[in-house]
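Quick mapping for you: the protein sequence lines, in order, are chains A and B.
Just so you know, this note's numbering puts 90 at position 90 of the first sequence, and the rest follows in order with no gaps.
Just so you know, this note's numbering puts 170 at position 170 of the second sequence, and the rest follows in order with no gaps.
Please keep in mind that the hints were generated in silico from the structure rather than gathered at the bench.
Treat the hints with caution; some may be incorrect.
With the C-beta cut set under 10 Å, the calculated list includes, among others, these residues of chain A facing chain B [stated by the list, open to error]: (1) His25; (2) Leu40; (3) Gly65; (4) Pro151; (5) Arg167; (6) Gly178; (7) Ala272; (8) Leu276; (9) His280.
Listed next, with one range per pair, are the computed distances between beta-carbon atoms [unchecked claim]: (10) Arg135(A) - Glu41(B): 27 to 33 Å; (11) Gly73(A) - Gly249(B): 38 to 44 Å; (12) Glu62(B) - Leu40(A): 55 to 61 Å.
Pairs of lysine-lysine, DSS-like flavour, derived with a Cα cap of 27 Å [unchecked claim]: (13) Lys257(A) - Lys165(A); (14) Lys165(A) - Lys165(B); (15) Lys337(B) - Lys257(A); (16) Lys165(A) - Lys337(B); (17) Lys165(B) - Lys337(A); (18) Lys257(B) - Lys326(A); (19) Lys257(B) - Lys326(B).
Note that beta-carbon positions come from the ideal geometry of N, C-alpha and C, so glycine has one too.
Number of protein chains: 2
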Amino acid sequence: MRILVLGADGYLGWPTALHLSRRGHDVGVVDNFCRRGYDLEMGVDSLVPIAQLQQRVRTWEEVSGLRLETYVGDLTDHVFVQRIITEFGPEAVVHFAEQRSAPYSMIDRAHCVYTQVNNVVGTLNLLYAIAEHDRSIHLVKLGTMGEYGTPNIDIEEGFIEVTHKGRTDLLPYPKQPGSYYHLSKVHDSHNIAFACRIWGLRSTDLNQGVVYGQETDETTMHPDLATRFDYDAVFGTVLNRFCVQAVVGHPLTVYGKGGQTRGMLDIRDTLACVELALLHPAAEGEFRVFNQFTESFSVRQMADMVADAYPGELRIDHVEDPRVEKEEHYYRAAHTKLLDLGLVPHLLEPATIRSLLAVVDHHRHRVDLAAINPTVQWRTTASAVRAPIGGKAPA
Amino acid sequence: MRILVLGADGYLGWPTALHLSRRGHDVGVVDNFCRRGYDLEMGVDSLVPIAQLQQRVRTWEEVSGLRLETYVGDLTDHVFVQRIITEFGPEAVVHFAEQRSAPYSMIDRAHCVYTQVNNVVGTLNLLYAIAEHDRSIHLVKLGTMGEYGTPNIDIEEGFIEVTHKGRTDLLPYPKQPGSYYHLSKVHDSHNIAFACRIWGLRSTDLNQGVVYGQETDETTMHPDLATRFDYDAVFGTVLNRFCVQAVVGHPLTVYGKGGQTRGMLDIRDTLACVELALLHPAAEGEFRVFNQFTESFSVRQMADMVADAYPGELRIDHVEDPRVEKEEHYYRAAHTKLLDLGLVPHLLEPATIRSLLAVVDHHRHRVDLAAINPTVQWRTTASAVRAPIGGKAPA
């Protein structure tokens, strides 16, 4: 299958491209390197060093004998989007190419507007390019479980049957996202569903949980093939942060009560899920939603799991929650559609956490503890991401 | 009450500003004249001649003795938005300032992206400016009944209680909008609800039906105070189009079967509803939704009503529907919240249609029949709005 991976220089885009390439697909990779730009803006870096995209692609060709056609450009540039769709001629497009951090979108007005315009316009350009060039192209789009928020009823996969005043309809699941970033994904979902309806496009919206892990079968084949490991307060996710805090002897910082519960999955399951969606495409005109996670944990549970897996002593601190979110809530979300297609999950076991701790330990000299402090406050309209140059890091 | 009306040069913004001014409020008016720009782009014009904003404001002062503070600028310019909020210091903002035509948003990629960016970014800038300057400002935002689409269950006012697998929650009503324009309003609604939640803002989302009528108590006080009357296929609404077709002896053109049913209201009720919302503001942190319409009619019913009210003979033609929409469907939508606040509706009576027909007849020499033909097709990705200059109008 000819597959174009958008955002292929990122944390998940890169290992997904390698995985699909090794599985025998013709893979094209696309990126504009904005993710590396965010690091420069904030003065942080991936804990694990990563090679430049062109080097990664060369090394992959040396290691595997497989070529990745490479395009550098921005999805908000519609001429570029038209070009990659017509030149590469994909049967499917995997779309990771969005600003994906909730705190980044909440820094201030400029970052909020950037996130929504970048994500929404990039996806609109893609929908138009597909509709104009080849409506049979299957769009596999990365959404997030965060689109749903934390309703007090079970979360279903994209749609819910509602019976109301004696009548019944299957409706889009109501969305209550928790940041301007999550909102951008909700906007995308509405736009894509509409494009499928009017143009007969086929799309799968992967409402993904929080991904953990850094190593896949392909990224471990050569140091140049490693993917990012983010632990900073803006792009790092909670399990990564806890592992870094454990290794450097800092208390694990749980935001608020820690009852915030989220769907999670292993990075290797992300790759498997994306390929399952590709091998079983949506029908013509179909907009379908898969909830892409394997287990749910509360933040407090994750802290306890890291404490249990870590060989030394650990303290768990509760700090004030910088976000506006329910710190204790009902959470039960369906996730059977990918299992039905054959997903065999890697569950979060002590061994998984220990392998993450080993990755961190190997690079512990690169840890910048100041980058872990949450500085982006949901309740204010403008936050400083880092202390001014030469200044003290925020407390 | 100090009220800033955004989009105050438009069809509804202008009469709303006059109405609020005459009712004793301190009114500021804001516009960037993009609406007049769309006319220039498409080579069409309001059937009723309209004066420039500065002239309208001068005439209003002469006629009424009341001043309208006037600001010219664009809501996507956040410095401008900050300035009007801080300089004018409103207690409430009425936000009409969005691109409001579904066909315009469906012309092509550029118009789709323009509509979503213009509407979403303008509203985000406004939310930030309010949150930074004065969180007690009540934002009265014009949404549309089209956000809901045509579900097979009753439409409620913004929220619906869902019982699912033995649990119950009050959730945002699921949205199935029918154009990139309607989608932009859905995006706005999600963004505003979130801003109310995290910043404690107060907002009323007026999900308005299709407005008809052209004269209000204030606009008829002087010809300079007249508001627009649009009948073209892109900005005109269906009742206006039927009245123009009737007067010039053209068959009334019903799209498809004509069973498309929509909530409607008289322009005078728009003014009353906006003032009711202002006089009874949302609470701190509250995002509330009023369905702002008074009656529902199908397109076919409206054609029949115009045919009945028109003194001469009329033919009703069914033409191919350029949109992707259900041509026959269930439609029952709640609209009690504004009635509970005291709205006394003007219903659509033969006399109302006859007064519209009289407005059209007075300006019949200005009718451009070619502008009525629908040229924007939902199923294609690019439509020509008008025939090339010097060419033949589309059939």
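A quick look at each hint next to the structure:
1. His25: It is violated, given that the least Cβ distance between His25(A) and chain B is near 28 Å, above 10 Å.
2. Leu40: Interface hint status for Leu40(A): violated (24 Å vs cutoff 10 Å).
3. Gly65: 39 Å, violated
4. Pro151: Result: holds, 5 Å to nearest chain B Cβ.
5. Arg167: 5 Å, holds
6. Gly178: 8 Å, holds
7. Ala272: 28 Å, violated
8. Leu276: 26 Å, violated
9. His280: The hint is violated - His280(A) has no Cβ within 10 Å of chain B, the shortest such distance being about 25 Å.
10. Arg135(A) - Glu41(B): 27 to 33 Å: 29 Å, holds
11. Gly73(A) - Gly249(B): 38 to 44 Å: 54 Å, violated
12. Glu62(B) - Leu40(A): 55 to 61 Å: With Cβ atoms ~58 Å apart, the hint holds.
13. Lys257(A) - Lys165(A): Violated, at about 39 Å.
14. Lys165(A) - Lys165(B): 17 Å, holds
15. Lys337(B) - Lys257(A): 38 Å, violated
16. Lys165(A) - Lys337(B): 19 Å, holds
17. Lys165(B) - Lys337(A): OK: Lys165(B) and Lys337(A) at ~19 Å, within 27 Å.
18. Lys257(B) - Lys326(A): 48 Å, violated
19. Lys257(B) - Lys326(B): It holds: about 9 Å lies between the C-alpha atoms, which stays within 27 Å.
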